[in-house]
Amino acid sequence: MFLDSFPMLTLMMLAPIVGSLVILMINHKDQDIADRNIRSVALLTTITVFVMSIFLWVGFDNNTADFQFVEKHDWIGDSISYYIGVDGISVLFVVLTAFLMPIVVLSSWEAIATRVKEYMIAFLILETLMIGVFSALDIFLFYVFFEGGLIPMYLLIGVWGGANRIYASFKFFLYTLLGSVLMLVAVLYMYMQAGTTDIPVLMNYDFAPGVQTWLWLAFFASFAVKMPMWPVHTWLPDAHVQAPTGGSVILAGVLLKMGGYGFLRFSLPMFPDATHEFAWLVFALSIIAIIYTSLVALVQEDIKKLIAYSSVAHMGFVTIGIFVLNPNGIEGAIFTMLSHGVVSGALFLTVGVIYDRLHTREISRYGGLANNMKMYAVIFVLFSMASIGLPGTSGFIGEFLVLNGSFAYNSWIAFFAAFGVILGAAYMLYLVRRLIYGPLDKDDVKAMPDLSLREKIIFAPLVAVVLWMGIYPNSFLDPLHATVENLIETRFSNNVGHAAQDVTPDAAVGR
Amino acid sequence: MFFESIVFLPLIGFLVVGMFGRQLGDQTSQILTSLLVSIAALLSWFAFADVALGGNKHTVHVLDWVNSGTLSFSWAFKIDTLTAVMLVVVNSVSALVHWYSMGYMSEDPDKPRFFAYLSLFTFAMLMLVTSDNLVQMFFGWEGVGLASYLLIGFWFKKPSANAAAIKAFVVNRVGDFGFALGIYGVFLLTGSVEFDVIFASIANYEQTEIVFLGSQYHAITVICLLLFIGAMGKSAQLGLHTWLPDAMEGPTPVSALIHAATMVTAGVFLVARFSPVFEFSPFALTVVTYVGAATALFAASVGLVQNDIKRVIAYSTCSQLGYMFFALGVSAYGAAIFHLFTHAFFKALLFLGAGSVIHAMHHEQDMRKMGGIYKKIPITYIVMIIGTLAITGVPYLGSGFFSKDMIIEAAYAADRQGAEFAFVLSILAALMTSFYSWRLIFMTFHGKTRADDHTFDHAHEGPWTMVIPLLILAVGAFGAGAFFYDAFVGDGRFAFWNGSLITTAGDVLDAAHHVPFAVKAAPFIAMFLGLFIAIMFYMRGSDIAQRTAKTWDGLYAFLLNKWYFDELYNLIFIRPAFWLGRMFWKRGDEDTIDGFGPNGVSSLVANVAGRVRKLQTGYVYHYAFAMIIGLAVVVTWFMTQSGTH
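Listed in order, the protein sequences are those of chains A and B.
The numbering used here puts the first sequence at residues 1 to 511.
The numbering used here puts the second sequence at residues 1 to 645.
Take the hints with a grain of salt, since some may be wrong.
[What the hints assert, rightly or not] Derived pair list, reagent style DSS-like, types lysine-lysine, alpha-carbon separation capped at 27 Å:
#1 A:Lys-456 with B:Lys-157
#2 B:Lys-57 with A:Lys-442
#3 B:Lys-158 with A:Lys-374
Quick caveat, the hints were computed from the structure, so don't treat them as lab data.
For clarity, every value in this text was computed on a predicted model and none was experimentally measured.
Just chain B, with the same shape it has in the complex (with noise of 0.2 Å):
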């Protein structure tokens, strides 16, 4: 009963108080969601020293699910330490942000709703990683795809959160149409969707080709590349990224929670999960590498120039994700996850602390509204700066340093195709990172105010039930990545996956311990001048932003609209479909199926009968005599038919 404690609490959150919130009032139902994840974290954290620590592995089976032909699977639960990691991130976020949501949520009038969402997400995301299938992780997919739907649109009067969140689920239904196809292709080659027969079968299909789309493939390759359209999806990758900025309509907790910390990083779970079978596939692993670092370089530059809060930190999130994934084309597949696991801290936080810069400012999330709070709320500062210290990778001074300069090292280290590509992008997404980020921390905090007198006088921190979280997650935020690091790529990370990664002796990490001086160098360089720039820029109070945004107006609007993917689709996707659709009906349907079909043969038939009426002149010999003539034309017929046998 154990792990299913882990799962099925907050689904019972979520049921309780999705059916009887109004009955339960705000007050229980907070508390009872909330506590349930709580309780729900901290077996996670059992679980975790018993999985991860202790190397135990279990398996769970619940109820059988559906049995069809030789396709056979099972709601049932696969603990190794992969998952364990992930039931710790999800449930200690998810229980922060429960908590944290009690005070930014305060003074809306739908808390049970907006706690049910909440508890409904935790469960589908915990359904996704604890799964031992395909299909389950399947419906964990579309589960946290669904609960992320109804919390981007949880304002549902807002037109432009109702926007989003059909965006967001479509964007994402994009994603899932690869991964289905890769779960038939999967199913096709081994014969199961199950990961432990996968994994163990893979290897006999090492040479196997498969024809797709009619023309014959590197089967694994297929299966690689099919799945990863899916996670692309999930995890906002290049193509697929534009929900995720827009995902920002929902109310901050679920930014922190769902689109940083946990949901987003379920593709890059599903690429780790899927090692064994990727391993055996370099050409996908490049495409990942290639994918991840264009993401990284990409979603960093926009973030640059973004004014609204929320956005800059979605567009670092995006950005993030690219390096956990070329981290995974190189296969760093721990270094990817030891970022995905300081990144869900350090990224939660620097959500929960905008969030906390929200509430203080009045719902206000244009930084250029803002400046000069840092004495107004000291604690969310000072979370923030940690936060900050964490992402940009200030060495020793916070966990974004051990896992991201690892990934770095990583890339220059592969000799994998693509790595070279990563390696240069990734040190430049790091300079990126550095700016933007002190850049936030410059425009809200610091400098002269820009709010109105009100709203600055007013501002003040939240209540303790959003500043404990806070301090929580920036303990996790400066220390897990020192405290992780041996376990997660150094040398006790055999024992420490235990088979639930692919990590040999000698591989790409070992390697990445042995770089030169000057590529570990690399990224502090970056990171510095980053920050460098940000302070000419933003801590003068000079107008070079501005001067410089004036001489290069082309690439600021660039970048502004974020290199204009989103008129792109309007253009290519959106609007042709409603076109082809109001053709289809209009001409289609009514003008030629109609109108050769049913109404076409109605008047045809309105203008026969006119001229058979004539005929019926009403005289019984007129009658009489087509009667004769026809009986002969019959008889005549059946005579010379006759005739011939």
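The shape of chain A in the complex, shown without the other chains (with noise of 0.2 Å):
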């Protein structure tokens, strides 16, 4: 097919670089058209992509569990090579990168006023790097796009952050650090095992069990900074509260997802004798992270501060139903963090969109917004209920099919993840409440503007999307089926089987 022999990924990374390279290039002594145009162009591109990766995705073919759009050439020596491709784990992945910064572009128009150009290479530099992380299928690419990634977002926050911003920066980078770092050994170590860098190889290598066990630590170690799951958890709050919109979006849109992306394209696969054995540590973590993070997002004062705890619940949700093992919770994990990142994505820009007219984060300095914001009110309330879950929306599908997955593999899993369930609506309509409703009897509030078309335009395909995965989820879950399949069926069905005894109906009921 002739989008097979394209060099599809390829492009869409270096599209971005050949937008900041021309954003480089703009210089015009009035200021204001320079920005103008260095946002023009910044949004070109990243629109640019977005339709590159529809292309992608309706040329990728749903039947076969192999990878796709692959590219390979040699790069460092014999063993590391410039290898990239997707399968159905990652594909959708890719597209919801896509998707988001065309958004984030359009938040920043107004909101992001200094040193403008940079900011806008430093988006495009991540866009590149993202899709790399999820598109290398050389171990040693996808540690350089991995922890490249960890640069851009550190200057945003450290920037273009609110006033503890410094803080918060060196947070993020240190914990994301100093998990990458064992995770950097441990790929030294596979490499030295293996003799490979070539991702696919390595998911079909079987490591000794006892090795096994150190190396998913490692990895462990880093995707769950990534995530973050409890108790590692606690950079996100900061680094959501100082990070600029934009920044935040990407946060919780994309580099969250890269921890549960990592689980499934490393921990899974290469070593699931480890992923047996530790299943245990993760449930734990994840029902501790649900309850916990939940109540915490209860007794927030600060917007932002909520809604990036309610994302470590959230985030408990796709570690359960990565390790539940079936298909329904590895489908629903995915679909989880699509929808999150969608969700959470769109939530931090109604926070935006308030913080531009009022500049504080503070909820009590809000109140009675749908008198004068009726558009706005809407459109918080619809993503709430994305978030709570509510069935139509996209959220109640991901949650769904993980607590499905989870009841099949142990009761106790889906009895204690589902109380985030209730304590969500709790949150959830407790920030609206205090946000949205009430009397309208502050002044600055009440001098609030309704939404503006540019902030409608970015509003609506969120929208379209929380809705369109929510009533006919298949055109994302259909990807998935093969891979995710293929992966159970290679990995977890003869070695070990009592994944898959847990999973069939039959064999969970006794007579």
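If you follow the hints, you should be able to join the two separate chains into one complex; please do so.
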């Protein structure tokens, strides 16, 4: 097929670089004109990449678990190569990244007034790196993208962030770096053992069980921080609070997904025995995360912190889904990540809207927005409902599949995780009540105008996607089936067997 | 397209008015939504004729929904008699409430939003009752919860309305927690979430056990109890009932539609729909019986002393739902749905009548500030009397007599555990029902008025859009019982239900037709006694009510404060949740994790760096010396290592 031989992924990674080169060359003595041109180029670039991602999605063959759009070129020495491609697990993350980027650029249109050039370049480079993470098929290449992504994000928080941005950016950087260092050691060891950095080969390589344990833990250290899982989640609220709106959107929308993606790409296929061995640990941490962070979210006074904590809770569902090792669980986990990417991104954008008007994130400074910002109120309630997991929105499908998968695995897990569903409603609606409802009695809040045309344009596609994912999720589930099934069959059906027993109803149900 | 129209017309109304309400204007928005729902209501009666009377069944596939692993389900409709009955109830009441609201909400500045919400609710409720699988039912289930949340909090400037809205949603989520686990259990057991597949295969699992939360239990019992938790939340059964009285913060038409006639009966519908499964678990049915009977009595007892006209009716609803549940519990499914059907008419009538009173009294809801207004609003008075005759079960003078007495007799006739308990409690509750219903009438309409002169003088009937729905509902409340008796619970029930409920010859309904006369007379005596006491208390102008309250002040306070459920829940759930949240946040995240983690490490690093700095003397030979020492250590280490090989 034409699309298969076409270097689509490379072009998607190249386009933002070209875009940033163009931006670099923009110079005009009138700073306003220069900034406008910079923004336009950035928007055009990201839209181009998004359009390419649509072709990627349409051209993707749902019926095979093989990697597609594969490109392979020698890079460093004999073993490390520029090797990229996507399978069912990664293709939609690439699409998600490309989808969120134009929205981020639009949302920064007026909010970012200083160093526009550097800001947009940082985002475009970040886009290249994020796409790289999800499409790299060489473990060194992956590591470069994975770590490289830290730098622009670190700069975005550190330069364009809030008052306490230096602390937050260091915390973010150190936390994630610490985890990654262990992963680097593991990667080196794997290269020495297996003699290759080729991910598809490593996915079928059988490491000795004792070795798997250590490798799994090393990768876990990195991915658990990225997720983030309890108790290494405390960088996230700070990073979100200090990051500019666009940074929060990408952080919540894409960067958090790298942890879950990493589990699926590395931990599960490469270390299946260790995955079984440590599943209990993941479940315990995830359940604690769900209940603990939901309760913490309930008492937050800062809007962004509240949503950040809710992200940690949602990611708890993701890790549970991944490690129950059945199709419902894993597909649900991927779907939850996609949904959370859109919904939490949208929620951070809604916070950005009122932050741009009042320059505070303190919940008690607002109230009664439904009186003067009617459209905003509708949008905010809609995304809150998606976050709560109301059926018909994207949030429901993922949560439902994960819980269904985990109930089949062990009803205790579903039982505890489902508390998150109750608590999620409590903290989100409590937030809605404090922001949106109630009397409008503060003068500066009264003066806030409703959504502008630009803001409506930002939210329209997000609303459409949230409903689409909720009403006809098969568009997003179909690409997953073959890959997920293949992963479970090749790595988790023969050698251990106990996962397979748990998922078939007849085995779990005895007379 | 026929059944699609019934379900999707209200959705169209919601979308158009929800998005373009301000451009369309109040008048167009109201008429558009009302017309669409009215058309749906009309079509529903045709559907009823076709399905329930004609004996047809339909399944309609709309759109695939989810495929994942072996789990797959669609957006699809299953139209059988049970669904047809619900279609008629939901759409008819909804249409009448739409028209009524045009009058009731005429002074509200936010009319398009109100009508959009009403239509949204109607759509969600229709999705619930037409679903052919558990997940779509859950969609409708949570959808009506959303609409209920939005409508309770419709007057969002009122803090009490916002609090009530959140409470309704979160308490319902507790129920949904059980419902969701129940769905997973059903899927684990039968491998499907589609009704037809589940019901066809459920007999194979009669003896199956399942591991749930670490122990082995009878699988069907576990599933039924989990689903029943969901039903308890939505139908405000004892323990999860606390949201319903507070939900009266919403506009009165909302209370009539959602919190009386339709949404709160979803739990009854769920259990009835799942009757083929519940039949295999006598234990689950016993639980349903106990909970239903206890709720019937509890809510009636609280209703005795409430002073807010809407709260009296709200507790009455809660109590009547209890009747429906224990009817389900004794396997009198037809009787439960029959009561659901008649109750929808007379309770909607009572609520809309109360709305008419409130409208007349300038939004006063406290019955202590009413009285003597029957002359001012005679039509409302008459329809309220009709509603009261129906709910108290006056023989042949209202539909409640046919359905409620059927339930009480079934409870007597059933030999299931808990049935006797239910029978005794239901008689007691019937007495209380009669008392509080007549108390409401007497306090509101009779005696000398306690309203101020201005309010009393200006009391008047609402416009025709309010009056006509009242009259139509009055006809239903009066006649629906007698008219449909044979089909729902009589000899015609086998053909009527046509397999959509468990109906077998010689079942509890047959037995209920042949109970001793004393049993048939018991509810009548209870009803009469309640009326008699109400007359003694409130019609003779004496202070006997106040004196009784004073004599029994402990009991009175206990009832007035609704058995202190809210206080209890506040103490054991809400405050601990906030306390835990703060503790996890401040002590957990900030002090412990950050304290030992990043902040601890960074202060440690700063500390160490301070010492290391002292080593940086700036003299080259110091550095060179350090390098040589280091090199020596490394080389030695490598040599010893290689030596061991």
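Right, here's what the structure says about each hint:
no., hint, in the structure
1, A:Lys-456 with B:Lys-157, "25 Å, holds"
2, B:Lys-57 with A:Lys-442, "58 Å, violated"
3, B:Lys-158 with A:Lys-374, "17 Å, holds"
Checked against the numbered hints listed earlier, the structure breaks hint 2 alone; every other hint is satisfied.
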